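**Student:** Sequence:
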Amino acid sequence: MHSSRLTSIAVIFVALVAMLFCARISEGDEWLPVSPQELKVTGEPKAPGAPAIILYRQIDRDDSDARTPHEYNYVRTKILTEEGRKYADVEIPFFKENEDVVNVRARTIRPDGSIVNFDGKVYEKEIVRARSVKFLAKTFTLSDVQPGSIIEYHYMIDFKEYYVFNSHWTLSEELFTRVGKYSLKPYGRFALQWTWPNGLPQGTSPPAEQNDARGNYVRMEARDIPAFQVEDDMPPENAMKYMVDFVYFEGTLENDPVKFWRNRGKKLYDQAEGFVGRRKAMEQAVSEIVAASDSPETKLQKIYARVQQVRNTSYERQKTEQEQKRDKEKEISNVEDLWKRGYGDGTQITWLFLALARAAGLEAYPVWVSSRTEDFFKPNLMRASDLNSNVVLVRHSGKDLYFDPGSAYTPYGLLPWGETDVRGLKLDKDGGAWVTTPSPESSASQIIRKADLKLDSDGTLEGMLTVTFTGLEASLRRVEEHNEDEAHHKKLLEDYVREAVPAGIDVELTNKPDWASSSGSLVAKFSLKVPGWVSGAGKRALLPVGLFSAPEKHMYEHATRVHPLYFRFMYQKLDDVQIDLPLGWQVSSLPQPVTQDAKLIVYNSKADNKNGTLHLERHLTVELALLEQKYYPTLRNFYQLVKNADEQQIVLQPLGAASGN
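In my numbering, the protein residues as written are 18 to 678.
Hints were generated in silico from the structure; no laboratory data involved. Since the model is a prediction, treat every value here as computed from it, not as a measurement.
With a straight-line cut-off of 20 Å between C-alpha atoms, the simulated EDC-like cross-links for lysine to aspartate or glutamate are:
id, residue 1, residue 2
1, K202, D175
2, K546, D597
3, K297, D354
Let's have the full structure, built from the sequences with the hints guiding it.
**Tutor:** What follows is the structure, given as structure tokens:
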């Protein structure tokens, strides 16, 4: 065979390999070919110092059959450093209520190109991202991973039926992404609109519609997508990441936000009024709850308390298909049905409160708001699903009061934190008017820690601690724990104390806090022992004043900040600690009182001595909601001053030290 012909065949072969790699892998294929260039990658100039990078990312969403929406995912990652080996432990987060991860396949490609297929077990566990943000995840570990290796895996996400109305691509990943390819096969019965609320990576062309032999698709390709950094106290990830959201519309597309929300408001109004319009039945019901002589405020309180006694199915374990068929009942269609049956979901229970308030003669309106737990509301995006929580506005004595009794464990007079300080549509027959829900003051949500302790001559603190959570601090914990047992409650509270004290401690919960109530505080009592809290220095003993200072001690330790600072709600921490000194011990010196006043965040601490009993007070008030990252150095400096104040020490003279002097 002539050498020229051999050369031609080689060129054709290389071209075919390149075409295969550049082509999009389909759901039926197993793996894309690995190029020699990928094996040789040792770093990424656009992500200097990165422990690993994503070479290729693919997301193919298929909404074409609304009964079985699904999404194919393919990830190829290059391990660059020893630190990057941690990415061999793969976590695929998902929300079990809406989706499941299936058909996971994975492999390791060694630096020499040899392949180790994954044949281990895929586990399901709960994971925590940032502070208090929980997910379920499918997890597995790839073997023989070292710097220079490539790891890759693909899987399918099966969404629940008709979950096509929450379609999106998430472009931002934890690691820098060289190439990302994305497609959506839309649901054909509705018009489709797509938006990218947080922009697109630099140089990326917007998604475009394409038609081929397989049907109609929306496609996009992006390159050099920056890594997304997760930080404590940051806005919801959906408000920060590069994403493309898809919105389906019945009928024709509406491009005018004013008209869109007016039309949406009319539909929501008709639905709400259709559900609550049982005046006679509600007047009979409310007569069993309130007295004619009750003041409007008393009526509201009684109705609120009674409505929260209705069994709330939104907080119950989701039934299986077999249980649903066995328990098949006619759907609840109005408040009269709900009242007779004594149960309903959270949305229905809130509308029951609306109907009863009106029947009691109060001026009350239905309102749909946009919760800020997962994203920030942008009316111009015209996503109907963004108005996702219903509340009731009651106009009383010239004030607008907001209620959501359908959100369990929410105290009277407060809304769940995600529904505070957000825009909502107060409904009427003309389409409604925009309102903004109030934000509760910091004094409404407190953590009060009161300790009565004794100091032993060996430096050990021991005694009783009472922690009282009020307002949103209480309701937040009750919501998170509503499906947990007593043992889990106990561990959660004991861990809270362990994390608050910057030392090893022995702690045990001694009471049974009321987890079921929405009214009143959540009170936890503990026996507490802190060995070695007092340290010796020659003939002196030193006692730090910040007994519950650990959380603030480790806040904002990073020198730089990427995202704005975002706080769920304003709050206060109030510490009141009394320590009885051993007989004969004396106080040599007390630190001066400290006040750090940054206007929206204030810290105070002081220490007193009275007849051999130390009294330590520490107050932290946080009235921040959202803070631009340019102010991060100021906030970081504030907490450094707090740390310094908490580390101040009381100088003690143990028995015998004075005579020794």
